[in-house]
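Protein chains in written order, with this note's numbering: chain Z, 1 to 105; chain B, 1 to 105.
Do not take every clue at face value.
Said to hold, decoys possible - Simulated pairs of lysine to any residue, SDA-like, Cα-Cα distance not exceeding 25 Å:
1. Z:K93 <-> B:G54
2. B:K93 <-> Z:V94
3. Z:K72 <-> B:G54
4. Z:K72 <-> Z:L105
5. B:K72 <-> Z:R101
6. Z:K93 <-> B:N26
7. B:K93 <-> B:F17
8. B:K93 <-> Z:I48
9. B:K93 <-> B:L105
10. B:K72 <-> B:W88
11. Z:K72 <-> Z:Y103
12. B:K93 <-> B:N26
13. Z:K93 <-> B:S64
14. B:K72 <-> B:G47
15. B:K93 <-> Z:T7
16. Z:K93 <-> B:R101
17. B:K93 <-> B:S2
Because the hints were derived from the structure by calculation, they are not lab data.
Protein chains: 2
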Amino acid sequence: MSDIASTPRPPYYAVIFSSHRTEGDNGYAEMADRMVDLAALQPGFLGIESVRDGLGLTVSYWDSVGAIRDWKRNAEHQVAQERGRSAWYSGFKVRIARVERDYGL
Amino acid sequence: MSDIASTPRPPYYAVIFSSHRTEGDNGYAEMADRMVDLAALQPGFLGIESVRDGLGLTVSYWDSVGAIRDWKRNAEHQVAQERGRSAWYSGFKVRIARVERDYGL
Numbered sequence: 001m002s003d004i005a006s007t008p009r010p011p012y013y014a015v016i017f018s019s020h021r022t023e024g025d026n027g028y029a030e031m032a033d034r035m036v037d038l039a040a041l042q043p044g045f046l047g048i049e050s051v052r053d054g055l056g057l058t059v060s061y062w063d064s065v066g067a068i069r070d071w072k073r074n075a076e077h078q079v080a081q082e083r084g085r086s087a088w089y090s091g092f093k094v095r096i097a098r099v100e101r102d103y104g105l
Numbered sequence: 001m002s003d004i005a006s007t008p009r010p011p012y013y014a015v016i017f018s019s020h021r022t023e024g025d026n027g028y029a030e031m032a033d034r035m036v037d038l039a040a041l042q043p044g045f046l047g048i049e050s051v052r053d054g055l056g057l058t059v060s061y062w063d064s065v066g067a068i069r070d071w072k073r074n075a076e077h078q079v080a081q082e083r084g085r086s087a088w089y090s091g092f093k094v095r096i097a098r099v100e101r102d103y104g105l
């Protein structure tokens, strides 16, 4: 079970990735795990929260827009992005957002 | 199954609500449905995406910070927030973020 990410005081950035999968695994699960491990090694990575139940929601947190751009350009991640468009997702939306305030329990 | 929200061109705002539930329903499911219906009636509401599988992730979209503030102050929603803190959630985090860019498939 994914945990609530421990993030620093705002401002920081969130990438909200909403998706629907196609039928079958087709190598998806292994690549998804690999991408989480790889993202965590990227400079500027702050944390990730991910849940799927039909709709998939993954929110990753970053210290800057530059860190998000560098992760998007990562060579192995680019292969995964291409495979996502061609095989794994029937639809997705990516939203890049600046977290301005947070609070919790 | 929740769908990917149809949102307008950025900028707009996202409220990212990450939570862990306590044991038992205790009136949660009914109130959660009611809050989604009620939020959709609020001025400035743009859409909502929600998934739970252990971790719960709900992202609601709004046209302004003022719309988010008004929803937070809604009387019936305030009762739900209080019950959330005292009974339904073992932990949660709310992040208010400005969506600056989006793209999709």
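Tested hints:
no. : hint             : verdict
1   : Z:K93 <-> B:G54  : holds (23 Å)
2   : B:K93 <-> Z:V94  : holds (21 Å)
3   : Z:K72 <-> B:G54  : violated (28 Å)
4   : Z:K72 <-> Z:L105 : violated (32 Å)
5   : B:K72 <-> Z:R101 : holds (14 Å)
6   : Z:K93 <-> B:N26  : violated (34 Å)
7   : B:K93 <-> B:F17  : holds (6 Å)
8   : B:K93 <-> Z:I48  : holds (13 Å)
9   : B:K93 <-> B:L105 : violated (29 Å)
10  : B:K72 <-> B:W88  : holds (17 Å)
11  : Z:K72 <-> Z:Y103 : violated (28 Å)
12  : B:K93 <-> B:N26  : holds (21 Å)
13  : Z:K93 <-> B:S64  : holds (20 Å)
14  : B:K72 <-> B:G47  : holds (16 Å)
15  : B:K93 <-> Z:T7   : holds (10 Å)
16  : Z:K93 <-> B:R101 : holds (11 Å)
17  : B:K93 <-> B:S2   : holds (21 Å)
Figure legend: structure checked against the earlier numbered hints; hints not met, in rising order: 3, 4, 6, 9, 11.
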